[in-house]
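To convert, take the position in the sequence shown, counting from 1, and add 39; that gives the working numbering.
The hints are simulated quantities; they were obtained by calculation from the structure and are not laboratory data. Possibly wrong hints are sitting among the right ones.
Claimed, not checked - Have a look at the derived ranges for each label pair, beta carbon to beta carbon:
| # | residue 1 | residue 2 | range |
| --- | --- | --- | --- |
| 1 | 75 | 112 | 35 to 45 Å |
| 2 | 61 | 107 | 46 to 56 Å |
| 3 | 118 | 61 | 27 to 37 Å |
| 4 | 107 | 59 | 49 to 59 Å |
| 5 | 68 | 122 | 51 to 61 Å |
| 6 | 105 | 82 | 18 to 28 Å |
All residues carry an ideal CB built from backbone N, CA and C; glycine is no exception.
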Amino acid sequence: MSTEATGSEASKARTEASPSGHFTEDLAVLREESREQLELLRTLVRLLLPKGDDDGPKLEDLIAALVAQQRDIILAIRQVQSDVEAVIERLDEDRPHNGGATHANGNGSANGAAPT
Numbered sequence: 040m041s042t043e044a045t046g047s048e049a050s051k052a053r054t055e056a057s058p059s060g061h062f063t064e065d066l067a068v069l070r071e072e073s074r075e076q077l078e079l080l081r082t083l084v085r086l087l088l089p090k091g092d093d094d095g096p097k098l099e100d101l102i103a104a105l106v107a108q109q110r111d112i113i114l115a116i117r118q119v120q121s122d123v124e125a126v127i128e129r130l131d132e133d134r135p136h137n138g139g140a141t142h143a144n145g146n147g148s149a150n151g152a153a154p155t
């Protein structure tokens, strides 16, 4: 029985040591991947930055212009959405509630003359 206990203790020790070994390996893999990603990011930034030309716009200026354009577009979309909602509300108010056909001037006559 002592050999079984020793064998189970050894497997238990391997199981307990195994997660820390995996943890160390995982950390090493993550560090290497992080280094590779950081180097790729540095390369990308170098490609985006001007090559010593002081006459061209800076990356920060281009990003600021894009952000301003998107802000203006969002404001215009909100205005259009508000206008469309107002038109829909107006159309709902002009719709007759008795099931009759709607007319151009809203008084029941297509030619604008008052009904007799």
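Query raised in the report: Honestly, do residue 68 and residue 122 meet the 51 to 61 Å range at C-beta?
Result: holds (55 Å)
Report task. Using the Cβ atoms, figure out if residue 61 sits within 46 to 56 Å of residue 107. Result -> For residue 107 against residue 61, whose Cβ atoms are near 49 Å apart, the range 46 to 56 Å holds.
Requested in this report: Take a look at whether the Cβ-Cβ distance between residue 118 and residue 61 falls inside 27 to 37 Å.
Outcome: Because 57 Å falls outside the window, the suggested range is violated.
Query raised in the report: Quick one: are residue 107 and residue 59 within 49 to 59 Å, going by C-beta?
Result: Taking Cβ atoms as reference, residue 107 and residue 59 lie about 52 Å apart, which means the hint holds.
Query - Outcome for the supplied range 35 to 45 Å, where the beta carbon pair is residue 75 and residue 112 - result: holds (36 Å)
Query raised in the report: In this structure, is the beta-carbon distance linking residue 105 and residue 82 contained in 18 to 28 Å?
Result: Hint holds: Cβ distance 22 Å, inside 18 to 28 Å.
Checked against the numbered hints given earlier, the structure breaks only hint 3 and satisfies all the rest.
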